[in-house]
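Student: For reference, the chains in residue letters:
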Amino acid sequence: MFFHNFKYRLLQTVRAKEIMFWALGFTIILGTLFYAAFGNIYESEKFTAIPVAVVTEKEDKSFDELLNALSDGDGALLSVQYMDSSKAYEMLEEGEIEMAVIVDEKISLRIASSSDSVSVSIVSSVIDEYTSKAAIINEIAKTNPKDLDNAIKALSADITNAITEHKLTDANMNGYTDYFFNLIAMGIMFGSTFGLFAALHSQGNLSALGARRCVSPTKKIVSALADNLATVVSVFGCSVVTIVYVKFVLGVDLGNRFLLFFPTAFVASFMSVSLGYAVGSVGRLSDKAKEGILLVFTLFGGFLSGLMANSMRQLVEESAPIVNRINPAAVLTDSFYALAVCPNYDRYVRNLTTMLVMTAIFTTFGIVLSRRKKYASL
Amino acid sequence: MQVFKLVFKVLKKNLGTVVMYGCIFFTTIMLITSFGDTSDEYTSTKIDVAIRDLDNTSASRQLVDWVSENHNIVDADFEDEDELLAKMYFNFCDYAITINEGFEEKLAGGNTEDLFTVSKRPNGYSYGTIYFESQLNSIVSDANAYVAGGMTADEALQKTVEVLNSKTEISFIEEKEDSAAGIYFNYMAYILLVMNITVMSTILLVVFKKDITARTYCSSFSQLKYILQTIGAVSIISVGFWVILVLGSLCFDSSALSSTVGLLMVCNSFVFLICSVEIAVIVSLLVKSSMAVSAISNIVSLGMAFLCGVFVPQSVLSDGVLSVGRFFPAYWYIKAVDSINGWHGSTYNITEITKAIGIEAFFVVALMAVILVIVRSKRTQKSL
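Listed in order, the protein sequences are those of chains A and B. First residue of the first sequence? That's 1 in this note's numbering, and the numbers climb one at a time after it. First residue of the second sequence? That's 1 in this note's numbering, and the numbers climb one at a time after it.
Treat the hints with caution; some may be incorrect.
[To be verified] Derived lysine to any residue pairs resembling SDA-like cross-links, with alpha carbons at most 20 Å apart:
#1 A:Lys17 / B:Ser289
#2 B:Lys46 / A:Asp147
#3 A:Lys106 / B:Ser171
#4 B:Lys106 / A:Asp158
#5 A:Lys288 / B:Val19
#6 B:Lys159 / A:Lys17
#7 B:Lys106 / A:Lys106
#8 A:Lys288 / B:Phe78
#9 A:Lys167 / B:Asn100
#10 A:Lys167 / B:Val74
#11 A:Lys288 / A:Leu206
#12 A:Lys153 / B:Lys46
#13 A:Lys167 / B:Phe78
#14 A:Lys288 / A:Ser370
#15 A:Lys58 / B:Val74
#16 B:Lys159 / A:Leu206
Source of the hints: derived by calculation from the structure; they are not laboratory data. Please read all numbers here as calculations on a predicted model, not as lab measurements.
Work the whole structure out from these sequences, hints included.
Tutor: Written as structure tokens, this is what we have:
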């Protein structure tokens, strides 16, 4: 009887078009859209030479040499064009250049409201550095001329060894990948609806199927086990398709430990289904109200874990970390993050343990609430 | 007025959805405008820096002071690398710098080796990080020169900071008429689409129901009246939504609608409203169940929002995505919004704005043609 129930519950969930759409179809579509929107975002942040116009009102050979040095070669900082002021301002208005450098008694910058702030800051810091070096030489020439040569040597010395880099991880640190972790988690959390229907279909007062099953001779524990296992298999199946799609079709870098995503998704499927089963077994609430409660766990939980804004989970971590520990969507997303980014397993083990504890709590809750129910009339 | 009343009866049943989307929209905009930097106007770049001073000398403290005056200091526990990593991953921290022990001593001896240990995002080869690192190098180089010129490390750093604080003069070529409601109108593209498709399509699905249409066509009720009352009710509802949304922009900028920029955005959103209502009509003509409406409304609205630059600026979308986006009205809506506000590398250019709104108007005509074709093909079906 177990396998009979298992088989038909499996068929029932696979044929539930609406839930399958949200758990699988929508996840894949949203993943594709995330990829289209965020796939290029870090490329756009990578450095390209800043287009700058130089307007020379007063000759400054050393500054020209500096600009030539900075615009030379493949990894050049600047792309410099010399022109008169009217042409420079026209190009600035058209957005063809980021700024115009005016070389006069003092060197100044003219920018448009659309000029990129960081590019302007970089060029202004180059000019600041040039003028500060000139000021240093002038000052030492006045106050301590005998050490002027040493100061000039020190100014031109190679100081690249001042900074030593300590890498925190070799993993992909593209923060937008978190949207994909959230997406996989959302698909699994939508699976809680399968668990909900498994519970509703076992309650005589909530569905015709439940009423029929209540009068059948099958033991409740057998049908409940079969129902839950079948729904876990369905949810896990959907999550496998999503993970494979994200990794191999979209080509998102999920890290070197990506195979561990599957057992994580399996544990999470248990958690999600048991959550749905527990909510479905609560009291005499209508099925719409129960669906509403699960939507809060799925969508609001997803919002707090970063489905709509990827930095939300960290924001919650800094203001109310307990929310991240008890929000199933956040725990699951954080497990994927820990696998993909963290160099050790500490964070991952903590999350996995939390998911197992949640599964145990939800399952116990569901079983306790749904056992020994009798109906005077149906 | 039976059909007219029917439309409003169906709307009443779906009012919960309207209120839900309205609340989500307003909350999102409030979060974005309160947490995010919505202005593109130049401000001196500040990056988020976590700093630890292991030297704790007068020179190192001066450096810490300079960093905290010129950049944003982020609290971080350097011993807990997982926490530091999370802060960097989620863009809460761009750069973590430790001033190593012996900083002042080394600087005083003209030795610049291994003064700082830093951590940064591996793929964060961004302008901000380059900018900060160049500032750091400049400080070391200048302080080193002052030391070579006979000063102590402490004096050298003090002088360096003084010189660094005299900044290059920066001026603007034009005065920008800025509207804080720009971000509101940007996101309005999504909400107009999702609300119109979800609500209008659900209403029209009832009105265009096969049985109801068949019953009405064979009754004494004139077909013209039936169509005119439907169009009238739908127009009133959609324009009503739009007016509420437009007036909502006043919550974010009380002068939003009195400026040229504001009026252009209102005009742009009205043309887009017509497009979104037409899309809703097409959906209602093609689908058969309200479940399908819910799925399609999410796919169409999120699809356009992601591909056309509503959620992510067009300037960072790849050429491939943009070339697909061009075939949707939302792309031209956002292009107009960008140009009106001078955002994301665009400049305020009335020709560009008119062109973008004109192309949206072209979509209005094209979508109307599609509706007529579908209606005609449905009416020529032999059986009802």
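Student: Holds or violated: Lys58 of chain A and Val74 of chain B, Cα atoms, limit 20 Å.
Tutor: violated (43 Å)
Student: Take a quick look at whether Lys288 of chain A and Phe78 of chain B sit within 20 Å of each other, Cα to Cα.
Tutor: violated (48 Å)
Student: Measure nothing beyond the straight line between the CA atoms of Lys159 of chain B and Leu206 of chain A; if it is 20 Å or shorter, mark the hint as holding.
Tutor: Not satisfied, since the Cα-Cα distance of roughly 79 Å exceeds 20 Å.
Student: Going straight from one Cα to the other, do Lys106 of chain B and Asp158 of chain A come out at no more than 20 Å?
Tutor: holds (15 Å)
Student: Given the hint that Lys159 of chain B pairs with Lys17 of chain A, does the C-alpha gap stay at or below 20 Å?
Tutor: violated (71 Å)
Student: With the threshold set at 20 Å, check whether the alpha-carbon distance from Lys106 of chain A to Ser171 of chain B stays at or below it.
Tutor: holds (13 Å)
Student: Does Ser370 of chain A lie within 20 Å of Lys288 of chain A when you go C-alpha to C-alpha?
Tutor: Holds, at roughly 18 Å.
Student: Under the criterion that the straight-line Cα-Cα distance not exceed 20 Å, is the pair Lys153 of chain A, Lys46 of chain B satisfied?
Tutor: Since the Cα atoms of Lys153 of chain A and Lys46 of chain B sit roughly 31 Å apart, the hinted pair is violated (cutoff 20 Å).
Student: Take a quick look at whether Lys288 of chain A and Leu206 of chain A sit within 20 Å of each other, Cα to Cα.
Tutor: holds (11 Å)
Student: Does Lys106 of chain A lie within 20 Å of Lys106 of chain B when you go C-alpha to C-alpha?
Tutor: The given pair, whose Cα atoms are some 35 Å apart, is violated under the 20 Å limit.
Student: Within 20 Å, alpha carbon to alpha carbon, are Lys167 of chain A and Asn100 of chain B?
Tutor: holds (16 Å)
Student: Given the hinted pair Lys167 of chain A and Phe78 of chain B, is their Cα-Cα distance within 20 Å?
Tutor: Distance of about 13 Å is within 20 Å: holds.
Checked against the numbered hints listed earlier, the structure breaks hints 2, 6, 7, 8, 12, 15, 16; every other hint is satisfied.
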